[in-house]
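> Take a look at the letters that make up each chain.
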Amino acid sequence: MELDRRSFVKLAAMAAATAAANRAPTASAATGPAQPGVSWDKAPCRFCGTGCHVQVGVKGGRVVAVAGDPEAEVNRGLLCVKGYHVGLALYGKDRLTRPLLKQGGRQVPISWERAIDVIADRVEADPKGFAIYGSGQWTIPEGYAAQKFMKGGLANNHIDPNARLCMASAVTGFLATYGVDEPAGCYDDLDHCDVLINWGNNPAEMHPVLFSRVIDRRSRGDEVLIIDISTRRTRSTAHAQHYLEFRPHTDLAIANGILHQLIANDSWNREFVEKHCAFKADSDPPGLHGRSISFDEFKQAVAEYTPERVEQISGVPARDIRMLGDLFGRRDVRITSLWCMGMNQHTRGTAINTLVHGVHLLSGHFGRPGDAPTSLTGQPSACGTAREVGTLAHLLPGGRLVQNAEHRKQAEEIWNLPEGRIHDEMGYHTVKMFEQWSKPAAEGGDISTLWVQVTNPGQTMPNRHKLFDPGVADPDKFLIVSDVYPTPTTAGADLVLPSAMWVEKNGIFGNSERRTQQWFKMVRPPGEARDDVWQTIAVARRLHERGYPGMKDKDGRFLFHIERDGGGPEPIWDWRRFREVNVDRALFEEYRAFSRLKHKDLAPYDVYVASRGLRWPVVEQPDGTWRETRFRFSGFDDPYVAEGQEFDFYHSPTKDGRAQIWFRPYEAPPESPDADYPLWLCTGRVLEHWHTASMTMRIPPLRRAMPNAYVEMHRDDARALSISDGEVVRVETRRGTIDLPVWIEGRGAPPRGTVFVPFFDESRLINDLTLDAHDPFSKQPDFKKCAARVRRIGEDANA
Amino acid sequence: MPVLGLVVVLEDARAETRADVAARLAARAELSGLSLGEAAAHRWPAVLEGGSAREIESRVELLRTLPGVAGVDVVYADFEDLLARPPAAVSSELHGEG
Ligand code: SF4
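Protein chains in written order, with my numbering: chain A, 379 to 1177; chain B, 3 to 100.
Okay, chain A solo, but in the shape it has when bound (with noise of 0.2 Å):
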């Protein structure tokens, strides 16, 4: 008998779920459920760091089905609702199609040769007040070409991605500690560990797949204690057999506690603290690397963390800090910290990461599977493109500095720039980005343009009365914002540029475990939109073409050269060869030669085709095979530990094969709740929608779930001012107010003298609100604690 389509579908269905449910690949595994007229290829999902793997189903040109990959490590099948839900995102009816220009305070459409002029224009015109703010949702060949354009083009560094405000406090206390960024360990930690403490995130909405693989381990009866230390109740704290609730800004005391604990008890790890690690605290001036510091200084600045003491600060009971002081001081019990933005939104932000390593490091819980400090990203390339590509305004490609005149060379010779093309100064971060753009020309404001890719600053921007508004309202200033949908960005934009997302386009991402993923494009873009490395390279191409010296090699060939067969050059800037060709495959070749600088060896780009992502260090084999590297500075794994030893830190700041073990200290939040503004406002992301939600509100069933933001209060808090669970009430800090429902214990539950926002609603900014105050050495700001009100529409604040 013949099977209708919906029969079909029904039995693609129950295989991909069978298969999924005992984890072994199918026949279908490689080539997708079986399903007429359906045809499937892999590609990572387009939202969260994470990195699962989907495999996506296409007909007649559209995204019609996705399921979960069986053959990915990741996620062996298994997707969250976002993820099963990704190929809507692609079908909002209100994507941008066409290049618009504000022309008398409206964006009407134009041609791309215009749109390309235009921006041309504007480098022309001041070359150095030219920005570009990126973001870890740029594939690594589109972070790449930018990167290039900008510090090997323009010879101007004013170029940063979205990452500094997610995860460059993970990038510092990574630096600060091992020499080098990025995990040592990876998701295979989650299979073997016998502890799981969360540090300020929620996994279970914010990484859920992730989160689910220890719930599933659990179920098939492993023991796995978890624990969750926040600041709020949320989806995780449900799953966790203790939960530690400490006051805003404290987990630093925390931290300390265990250190001091481990020493107290005489339970920390001798043999491999005097093997591998050394002792740091903070230098006068302040430094990165600080100051190296003996045993005996550390045991004394880490003394007065005793349990009662942080039981004071942090308000988590001594108890519970012994606890976790006991179980880092067993050798039996593997363990693993993840932590996301509680820890990277901080003014403390390196401080508490570099803690939290040296909590792992002095305990000696590191390296073997299942121990491990590790830090998630929200972004499905944060790693590949921002930390990786180095798209920081301090980086080159493959963790090089722009101060370092070697490690400039070394870019100028992979990039056959004349000696001396890139400059020497650090670029503007994020923040001092913006406010350079906010502020005036004549009161020093030199960022004259700025170019927005693939994000949207104008939601997720820290006090953007401050940081965003200014600029849009000064006619000196021009905004290019290259997206996909209309956004609060896209809204105050001098040029929108309509961009082609995820399977409309090759790309390659670069996920939270170090795991190279690429993917080949499926669909068409709609109606003009391009890929942004196109438009990349068509700026840089017209630029070339008005001769404009920055845009050709040393050899006088144009920035992007790229060979074609037969000879001469490939005109990739044409959009419809650049169609054609697989410009994606050249670019990352080229990248590769970085990433052998620092260990971070990839393998070629044909490799990636045939896999569901690597691990690196990717090394070829003898036998012409390529090898990942799942445990980093473990002989056993990681081939670039000398042969024969059990660990070995190679990027030492030390120069000496250790890792770092700091001493930070707790000091008091920049803000404070006082009298007038008396509660602590934290802010985050919910299950349902991705960051602000520019796609997930496009897909109904996401929007419908979760429509609006809302502000978490307490019972009590809310008692105490009539306010009753749905009431709209006003929201205000020292720098915005909005309106919004209370949402008594709703989704999360925010401890007395806290609320919560969502900050994923472009129609409640709640980034009006918070402070752009950030660390002093990753720059990343603190989106998670200032002082607030709330009160009742129509109330006066002082009644």
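Hints in this document: simulated from the structure, not taken from any laboratory.
Glycine included, C-beta positions come from ideal geometry on N, C-alpha and C.
Some hints could be false.
[To be verified] Estimated spans, in silico, between C-beta atoms of each pair:
#1 B:Leu68 <-> A:Pro818: 54 to 62 Å
#2 A:Val1106 <-> B:Glu32: 28 to 36 Å
#3 B:Asp22 <-> A:Ser1102: 35 to 43 Å
Assemble chain B with the ligand onto chain A, guided by the hints.
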């Protein structure tokens, strides 16, 4: 209307848990569109279909909160029907409140 392929993760792999969950499923009329496959220990493959998008969503949520169920992972989603409709209808489904 999407057809979803699901893995229902049970709290443990005991046959009693499976039987209890099966009984609870049978008792919930809202979950009549759920077809169960062959359980692999604590993981139970299933297909959910029927009704509006909103109904499907609330059924997944109901499943998630059923006693004995530790979680529900969605592994497959087909939305061709939705995209195949005339643009106006798709638009109202994608953007309307319904
Ligand atoms: S966990 Fe992240 S990467 Fe995985 S499906 Fe969900 S949103 Fe996508």
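> Now tell me, hint by hint, if it's right for this structure.
Consistency of the hints with the structure:
1. B:Leu68 <-> A:Pro818: 54 to 62 Å: holds (60 Å)
2. A:Val1106 <-> B:Glu32: 28 to 36 Å: For Glu32 of chain B against Val1106 of chain A, whose Cβ atoms are near 32 Å apart, the range 28 to 36 Å holds.
3. B:Asp22 <-> A:Ser1102: 35 to 43 Å: At roughly 38 Å between Cβ atoms, Ser1102 of chain A and Asp22 of chain B fall inside 35 to 43 Å, so the hint holds.
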